[in-house]
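*Asks:* Given next are the chains, with one letter for each unit.
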Amino acid sequence: MLKNFLQMRLKGLVVLAVIVLLLPLFFNNPFHYDLATQIAIFAATVVGLNLLVGFAGQISLGHAGFFGVGAYFSAVMTGTYGWTPLPTMLVAAVVVALLAWLVGRPILKLKGHYLSMATLAMGFIIAIIINNEGWLTGGPDGMSVAPFSIFGWELSSFNQYSLFGIEFGGDVAWYFFAGFLLLVAVWIAENIIDSPIGRALRSVHGSEIAARVVGVDTSYYKSLVFVVSAVYASLMGSIYAHFSGFITPHLASFEQSIVLITMVVLGGMASTFGVILGAVVLKLLPQVLADFQELEMMMFGLILMLTMIFMPKGLFPTLQNKLAERKRKKSEEQA
Amino acid sequence: MTALIEVTGLSKTFGGVHAVEALSFSVDAGQIYSVIGPNGAGKTTLFNLITGIYTPTQGEIKLNGEMVVGLEPNQLAERGMCRTFQQMQICMNMTALENVMLGRHLQLKSSFLTTMLRLPSLLKDEEDCRDHAVELMKFVGCGEYLETDASAMSYGALKRLEIARALASNPKVVLLDEPAAGLNGTETAALEELIKKIAAQGITVVLVEHDMKLVMGISDRLLVLNYGRKLAEGTPEEIRNNPDVIAAYLGG
Ligand SMILES: Nc1ncnc2c1ncn2[C@@H]1O[C@H](COP(=O)(O)OP(=O)(O)OP(=O)(O)O)[C@@H](O)[C@H]1O
Ligand SMILES: [Mg+2]
Numbered sequence: 001m002l003k004n005f006l007q008m009r010l011k012g013l014v015v016l017a018v019i020v021l022l023l024p025l026f027f028n029n030p031f032h033y034d035l036a037t038q039i040a041i042f043a044a045t046v047v048g049l050n051l052l053v054g055f056a057g058q059i060s061l062g063h064a065g066f067f068g069v070g071a072y073f074s075a076v077m078t079g080t081y082g083w084t085p086l087p088t089m090l091v092a093a094v095v096v097a098l099l100a101w102l103v104g105r106p107i108l109k110l111k112g113h114y115l116s117m118a119t120l121a122m123g124f125i126i127a128i129i130i131n132n133e134g135w136l137t138g139g140p141d142g143m144s145v146a147p148f149s150i151f152g153w154e155l156s157s158f159n160q161y162s163l164f165g166i167e168f169g170g171d172v173a174w175y176f177f178a179g180f181l182l183l184v185a186v187w188i189a190e191n192i193i194d195s196p197i198g199r200a201l202r203s204v205h206g207s208e209i210a211a212r213v214v215g216v217d218t219s220y221y222k223s224l225v226f227v228v229s230a231v232y233a234s235l236m237g238s239i240y241a242h243f244s245g246f247i248t249p250h251l252a253s254f255e256q257s258i259v260l261i262t263m264v265v266l267g268g269m270a271s272t273f274g275v276i277l278g279a280v281v282l283k284l285l286p287q288v289l290a291d292f293q294e295l296e297m298m299m300f301g302l303i304l305m306l307t308m309i310f311m312p313k314g315l316f317p318t319l320q321n322k323l324a325e326r327k328r329k330k331s332e333e334q335a
Numbered sequence: 001m002t003a004l005i006e007v008t009g010l011s012k013t014f015g016g017v018h019a020v021e022a023l024s025f026s027v028d029a030g031q032i033y034s035v036i037g038p039n040g041a042g043k044t045t046l047f048n049l050i051t052g053i054y055t056p057t058q059g060e061i062k063l064n065g066e067m068v069v070g071l072e073p074n075q076l077a078e079r080g081m082c083r084t085f086q087q088m089q090i091c092m093n094m095t096a097l098e099n100v101m102l103g104r105h106l107q108l109k110s111s112f113l114t115t116m117l118r119l120p121s122l123l124k125d126e127e128d129c130r131d132h133a134v135e136l137m138k139f140v141g142c143g144e145y146l147e148t149d150a151s152a153m154s155y156g157a158l159k160r161l162e163i164a165r166a167l168a169s170n171p172k173v174v175l176l177d178e179p180a181a182g183l184n185g186t187e188t189a190a191l192e193e194l195i196k197k198i199a200a201q202g203i204t205v206v207l208v209e210h211d212m213k214l215v216m217g218i219s220d221r222l223l224v225l226n227y228g229r230k231l232a233e234g235t236p237e238e239i240r241n242n243p244d245v246i247a248a249y250l251g252g
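Chains as they are written, first to last, in my numbering: chain V, 1 to 335; chain U, 1 to 252.
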């Protein structure tokens with residue numbers, strides 16, 4: 001039975017679901033739920049970013065920009081204009097998809113690595129707009145965001161809920177909601193990877209020229225995955241805004257883009273569960289090293305560099321290989 | 001009958017180097033057509049021109065009577081042309097089987113939504129694609145590597161894998177750039193059989209190869225290049241007796 005399970009396509013998803021369900025056993029205050037919710041939201045974001053960076057081998061240095069557009073679009077439209085959160089979030093995703101297509105399509109038709117530069121510039125522009133248009137966004141001081149609601153059911157960290165006679169706080173509800181979103185994000189990403197579209201994406205990384213001669217329109221697929229990863233970021237940005245209830249331009253900043261990329265690289269490019277681990281580590285690290293807050297950016301830079309030098313495959317795949325090797329050695333010793 | 005590939009006055013210069021110059025020839029459907037010539041003669045450049053990787057400096061290329069200069073490699077793949085590379089191009093981030101399944105890209109038309117939600121129609125397509133790819137891997141003699149990562153395969157096996165991927169696209173014509181390079185005697189013999197089997201399926205084969213024994217044994221016609229120009233063209237018999245060819249090959 002164990003063997004059957006190990007050969008299952010979605011075994012990782014099952015393991016992740018079990019972790020999400022059991023993790024609260026170790027939580028004993030609202031802060032734990034809050035942190036875990038944040039981790040789930042960022043993990044889902046980088047699961048999307050990994051499709052672009054890890055699988056298709058394209059670099060985006062402006063993904064926090066998409067996250068920020070999603071967050072601010074939702075904040076402004078639900079707050080100032082009274083839109084309903086769920087449809088607003090979807091409209092934001094469509095806007096971001098168009099933006100990503102407009103930026104990505106012409107650039108990705110060119111040969112070479114122009115995407116990183118274009119996204120860098122785009123990220124800066126988004127951050128500047130959010131900072132400067134204070135009448136809309138609250139500027140550098142940030143703005144508060146209305147709670148999320150699904151079909152009239154309000155989801156707020158400050159509410160109390162009861163389900164089947166069990167009483168729980170809004171922080172718990174948010175945690176399970178974010179965990180559920182992460183599972184959906186992983187499920188969709190895995191579906192994309194293991195498909196003709198996924199092979200086309202990976203072939204762009206593996207050998208673009210091979211891909212082209214078998215008929216893959218590589219510039220189209222690069223644009224497609226760029227849009228998909230941007231939509232992931234936008235949706236998660238909207239969710240994050242509603243969850244935290246207050247957002248500042250920092251979440252759309254260049255530093256945030258670097259944090260996202262570092263999560264992917266550290267956790268393991270082209271490894272969906274690896275990048276989740278990356279999100280966990282990089283979100284926990286600042287908690288552990290709270291005294292070194294000013295050095296945070298430097299630390300992330302250092303982590304990025306050290307990973308690329310010593311663990312180019314990333315944390316998760318390296319551990320996986322180590323385990324496999326040890327298993328092989330053991331069976332060899334026995335033989 | 002029109003030729004499958006018709007090249008007229010084709011030239012490609014890199015800076016001052018005339019890699020291919022004023023070249024004309026045609027390949028009929030169903031042939032095994034080989035291009036030979038010393039190192040640097042322009043064979044790979046010719047393949048790159050025909051498959052849309054380079055744009056010619058001058059000249060025309062017709063595929064099935066259609067002008068195809070300026071089309072992208074993927075557009076040529078849609079018209080039934082596929083190839084392998086002298087510098088092998090394998091996606092090392094995939095399994096062997098996935099590499100071959102990639103070759104079926106144009107046959108697979110599932111929408112993004114179908115893919116995202118992994119709907120039953122996708123599963124059906126994927127199963128067919130997989131079966132077809134497995135068959136092709138067995139056909140080229142890679143049957144034992146189905147689930148192997150491409151990065152873990154031997155050089156000889158990868159050479160065959162690349163051919164399987166090209167065949168997966170259901171091509172009318174495949175261009176093989178030095179498929180025997182680096183292979184030992186047994187592997188080369190197996191390759192010869194493979195190329196014959198491919199041709200027997202009605203697929204036109206254009207072959208660049210240095211192994212004279214192989215080339216002379218299986219080709220219907222040959223084109224001899226020297227410094228980017230046509231030195232001779234004809235049947236193996238004609239080529240073997242061509243004084244220019246003898247002079248170029250033996251006289252240095
Ligand atoms: N991209 C390029 N840029 C500049 N010069 C090139 C390029 N490609 C080929 N050449 C030059 O064109 C000439 C023909 O090269 P080509 O690779 O076509 O030869 P070949 O017949 O395939 O040789 P070989 O048998 O060694 O593979 C050579 O002089 C080579 O240096
Ligand atoms: Mg060559």
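Check the hints yourself; a few may be wrong.
[Said to hold, decoys possible] Straight-line C-alpha distance at most 30 Å; calculated DSSO-like pairs for lysine-lysine:
1. U:Lys196 - V:Lys322
2. V:Lys322 - V:Lys109
3. V:Lys109 - U:Lys172
4. V:Lys109 - U:Lys62
5. V:Lys11 - U:Lys124
6. U:Lys62 - U:Lys124
7. V:Lys111 - U:Lys172
8. V:Lys109 - U:Lys109
9. V:Lys330 - V:Lys109
10. V:Lys11 - U:Lys62
11. V:Lys111 - U:Lys124
It should be emphasised that the hints constitute simulated quantities derived from the structure, not laboratory data.
All values derive from a computational prediction rather than experimental measurement.
*Asks:* It remains to establish, for every hint, whether it holds in the given structure.
*Replies:* For each hint, the structure was consulted:
1. U:Lys196 - V:Lys322: violated, 45 Å
2. V:Lys322 - V:Lys109: violated, 39 Å
3. V:Lys109 - U:Lys172: holds, 28 Å
4. V:Lys109 - U:Lys62: holds, 25 Å
5. V:Lys11 - U:Lys124: Satisfied, since the Cα-Cα distance of roughly 21 Å is no more than 30 Å.
6. U:Lys62 - U:Lys124: Violated: Lys62 of chain U and Lys124 of chain U sit about 37 Å apart, past 30 Å.
7. V:Lys111 - U:Lys172: holds, 29 Å
8. V:Lys109 - U:Lys109: holds, 22 Å
9. V:Lys330 - V:Lys109: At roughly 50 Å apart (the allowed maximum being 30 Å), Lys109 of chain V and Lys330 of chain V break the hint.
10. V:Lys11 - U:Lys62: violated, 51 Å
11. V:Lys111 - U:Lys124: violated, 35 Å
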